[in-house]
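**Student:** So you can see what is in the structure, the chains are spelled out below.
Number of protein chains: 8
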Amino acid sequence: MKNKPLVGIIMGSDSDFNVMKQAADVCREFGISHEVKIVSAHRTPNHVKEYAANAHQRGIKVIIAGAGGAAHLPGFTASHTVLPVIGVPVKSKSLDGLDSLLSIVQMPSGVPVATVAIDNAKNAAILAVQILAVSDKNLYKKLIDYKKKMEKESLAKNKKLKLI
Amino acid sequence: MKNKPLVGIIMGSDSDFNVMKQAADVCREFGISHEVKIVSAHRTPNHVKEYAANAHQRGIKVIIAGAGGAAHLPGFTASHTVLPVIGVPVKSKSLDGLDSLLSIVQMPSGVPVATVAIDNAKNAAILAVQILAVSDKNLYKKLIDYKKKMEKESLAKNKKLKLI
Amino acid sequence: MKNKPLVGIIMGSDSDFNVMKQAADVCREFGISHEVKIVSAHRTPNHVKEYAANAHQRGIKVIIAGAGGAAHLPGFTASHTVLPVIGVPVKSKSLDGLDSLLSIVQMPSGVPVATVAIDNAKNAAILAVQILAVSDKNLYKKLIDYKKKMEKESLAKNKKLKLI
Amino acid sequence: MKNKPLVGIIMGSDSDFNVMKQAADVCREFGISHEVKIVSAHRTPNHVKEYAANAHQRGIKVIIAGAGGAAHLPGFTASHTVLPVIGVPVKSKSLDGLDSLLSIVQMPSGVPVATVAIDNAKNAAILAVQILAVSDKNLYKKLIDYKKKMEKESLAKNKKLKLI
Amino acid sequence: MKNKPLVGIIMGSDSDFNVMKQAADVCREFGISHEVKIVSAHRTPNHVKEYAANAHQRGIKVIIAGAGGAAHLPGFTASHTVLPVIGVPVKSKSLDGLDSLLSIVQMPSGVPVATVAIDNAKNAAILAVQILAVSDKNLYKKLIDYKKKMEKESLAKNKKLKLI
Amino acid sequence: MKNKPLVGIIMGSDSDFNVMKQAADVCREFGISHEVKIVSAHRTPNHVKEYAANAHQRGIKVIIAGAGGAAHLPGFTASHTVLPVIGVPVKSKSLDGLDSLLSIVQMPSGVPVATVAIDNAKNAAILAVQILAVSDKNLYKKLIDYKKKMEKESLAKNKKLKLI
Amino acid sequence: MKNKPLVGIIMGSDSDFNVMKQAADVCREFGISHEVKIVSAHRTPNHVKEYAANAHQRGIKVIIAGAGGAAHLPGFTASHTVLPVIGVPVKSKSLDGLDSLLSIVQMPSGVPVATVAIDNAKNAAILAVQILAVSDKNLYKKLIDYKKKMEKESLAKNKKLKLI
Amino acid sequence: MKNKPLVGIIMGSDSDFNVMKQAADVCREFGISHEVKIVSAHRTPNHVKEYAANAHQRGIKVIIAGAGGAAHLPGFTASHTVLPVIGVPVKSKSLDGLDSLLSIVQMPSGVPVATVAIDNAKNAAILAVQILAVSDKNLYKKLIDYKKKMEKESLAKNKKLKLI
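Chains as they are written, first to last, in my numbering: chain A, 1 to 164; chain B, 1 to 164; chain C, 1 to 164; chain D, 1 to 164; chain E, 1 to 164; chain F, 1 to 164; chain G, 1 to 164; chain H, 1 to 164.
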């Protein structure tokens, strides 16, 4: 990505990468410049702060943060910026993602995190595109096309069904 | 509100109003034009569709949708628009809000809903402001001020504590 | 199926087909004309509406709808028809089916969905047959026979047990 | 009710009556003959069996069964009849209705219970009306009218909202 | 088993046998005559009733009942007998055994089921032996020996540990 | 109670007494000698051990143990005796009794606790009577009478219903 | 408190004070110098960092942190210090404390939080005393006395019971 | 380990060893003398008591106890000592660790257990080191180094990421 990134994709650990790379894929598909970083709320808190506090100045418009277990990264990021922060609850080894979800979504008044479904980094990126599209007509059109394509693909599966 | 609304606040039932009015309060605080409507995914689905499908043309930039139980309003709205849709899980009579939360947040790939904490319509509105602020420097500054004010108020509580 | 279908079996995605085909199997076993379609509450909402709104005119008597996660298809269908809608919560990748179940069963007053067990499309179809049998003596007899056969098969397993 | 009842409303205990009477109210509203009885899966199992086994002969077309905790009444009823059985999970003193819901909805293959939302006996009755309407055009029209009325009432709440 | 069985081990389906055979193994280990049967609360309710109602006359002293999902067998059995009924929640395909557990343990006042851990048919049988031992000194001694053996085996594992 | 107690009713704290006294009431109703004691697994572990280890010698036949939260009393008691131990999960201030239930019922192989419903000390005592009745014909008859009385009372509620 | 505080008690909001003041009470009872502060992980993150990072230098030995909902304060504190951090999950308005508990206890490898029961700030302080007592014989003796007093009080309740 | 152990690592069963050995590994890494033992709250309660009651005299400063299901070992240990007891909830075969977690963390007032994440024995040991470091400057420095190393390793993963 040569352009200055508009979307920052961060995650707590490289074990989250398999899930979070879907977010990068969607950004690429929509032609949105982005960056991917590992910053841990618990292991590198100062880097999270620095990342969150400087993101706006660096031109970042939306931050996508994925984490699992006691998943504090999205909320911690949101405490250091007023940019929209999208949280991806990554399923961890126990409790089937419930801990990750509740740790991310149940934020206190004043500091929201826009939470998406467990392990659904793809939706996090689509939401980021929707946010950017609020002031970008071209992107808005791409989203309309994306939605139409989804509709077509969904309907097309009916043909496949008939062959079963 | 004389201006064309930028934020649409919708809810499934008037019983959700006590929670959802907090969203309107925040919009007012930030000087953002908004509208409040009751449209039910299950009782008035055609109006939801119409609302969602026309929102963009009417100048709406972000939709906040609150619902409880099998809370389909946010997801149903998101299926008819590519505007960012923020979902507020409203606690219903049983299960302490878990049903509302899961029905809203666990959306399938392609159709995200930006979910906030149970009953936290205030955060939904702050998130809406953050989204609008992506392309509105003035609003961005207001958010920075809001954050500073929150910080001050939080610290000020320590004085109160000493008097206890 | 040459006859006009009496039972409509719909699902949100082709990934639900492995579960939902059990419903078609039961219909076939009872000689009930049926159809199987993929219509997504979130990706093809207009087709869901069309399907639900026209089902009665097309001769459909009961609709079986299966979906997972934030499973809105059954409720969304029920919002557009007064035909009985049977919901099958399909287990999704996280939360072991709890999200699917709560999203389907916790419908608000006025718009019921007849919910069956997680992944139990077979029971959805038996329920559909029971509903049709309310006004079809022949079908009622078949259900009685089916119940007797189940009873026999269950008892017969005791013999198998003795050989272990 | 002078006519032979078409809908049987049963419950495990008189403490369930506050919830279950909503089902009787809906039947009355639709002019459907019905009866209300207390039969307990655990305290009067023989009466449940008798009730379920003879219901069809007595002209009952649909059974609505409400129970809480380890709520076996709906499933137990379904084991003795092939009439459609609708289960209402009644919230009990602990666990916020989750025990009632799971005990009713998670029925094994072969013996479905059409489960509605926790404490939502109203929806159970609407579902019963929908089932009867499959072969009763007059009732079908009443349901259409009911749905339209609901729609109107829901929309009308918007006016009330403006006055707040 | 030539002797008249003292312990009746019943289960809802042959799929429960892998779990429930542990109960038979413990009975055998303690030299307690027992029988194993498949009777389903939902598929063969009359046989469950017959089994439960006649058990006392046939010399059965304790019944162990295992079932999964909406697990009604133990409670249904308890409704037809005053013998102690021990319930084994068998983990089913979804919800990790929570549905089975709550369906069995949350019995209403008047009709208890002695519930053991999920899938722990072994403990059900030990509990049955403890119940029989209330009036059987020989059995009581065997239980004391069993406990001592368990203690020894547990302590012996420390030696194994040192070799790791 | 002048006679040597047959049933020992123990609880972790006097705050459990409101729930646990129901067990004493049932014992009284059946004419079974019993004793009530507060012994805490965590505050007076040596007394729990002493109580459990000596219970058999003192003539106790069944122990009923109630506790809440991380409810260890029933399991701890069971570790020091081979008498049947019945556990009553007492609902505590958070989590609606789920913690109490799981802490009591999920015992490891070798050391069962006969668990009853949350806060249902009445059922614990009925279960204790059922256990004693295994070798006491008189008690067995009383249980049959109790069951018949319950049945009558349950049926009688139907008359009350008609007056509503 | 004139002495330099050994225990720092922090909480996310003044609404947590009713719970957290129990921790201060216990410290006072054991004569341990302490301080109480409101610092919010989300509203005043820099103050949390400062607090945590400087605590050791200021002579703090143990930090007790209480928070509710997406309760990040304990984990965030632990990310900035290697002092033992004790987390108190404060029950919030929804989900009965489960969100607070999971957000605090499920910390990733490398950054533990010593979690106590929901709303149990008293235990947090006792744990803090136990930690300080590892190197303070006097405090160790006080804990022994405290335990004995608890034991006595628990036993004494049996007398009260007899009077009921 | 030639030195007198400072940390006692105990577990309920050898099946917990795979999880609990991580605690031993961390102790080794920090050069802290420790011992590993299998003592079961339910199978060898007297040895647990003995272990806990004598630990202080033997020079043990902190006890780490791991157990699963109705996991009583940590709480039982804490009832017999005033040393800090750290509990590790070991995931068992059902319920994904929720039973283990609640059985350990929800301790009553007066007897805390410092609970860490499900299966995270590594964090239990780090917490033990933090507790010992309260009065051991050398250990405190090692913890600071450990934290720095973690930070470096976490940041280094970003380089790896670029190569993907």
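The hints are simulated quantities; they were obtained by calculation from the structure and are not laboratory data. A portion of the hints provided could be inaccurate.
[Stated by the list, open to error] Calculated cross-link-like contacts (lysine-lysine; reagent style DSS-like; alpha-carbon spacing at most 30 Å):
| id | chain 1 | residue 1 | chain 2 | residue 2 |
| --- | --- | --- | --- | --- |
| 1 | G | K37 | G | K142 |
| 2 | G | K37 | F | K21 |
| 3 | F | K162 | D | K142 |
| 4 | D | K37 | F | K49 |
| 5 | D | K4 | D | K137 |
| 6 | G | K37 | A | K93 |
[What the hints assert, rightly or not] Just a sample of chain D residues kept apart from chain B, beta carbon distances all over 10 Å, derived:
| id | residue |
| --- | --- |
| 7 | H47 |
| 8 | A117 |
| 9 | I118 |
| 10 | N158 |
| 11 | K160 |
Every residue gets a Cβ at the ideal spot worked out from N, C-alpha and C, and that includes glycine.
**Student:** Can you give the numbers of the hints that this structure goes against, from lowest to highest?
**Tutor:** Going through the list in order, the structure violates hints 2, 4, 6, 8, 9, 10 and 11 and respects the others.
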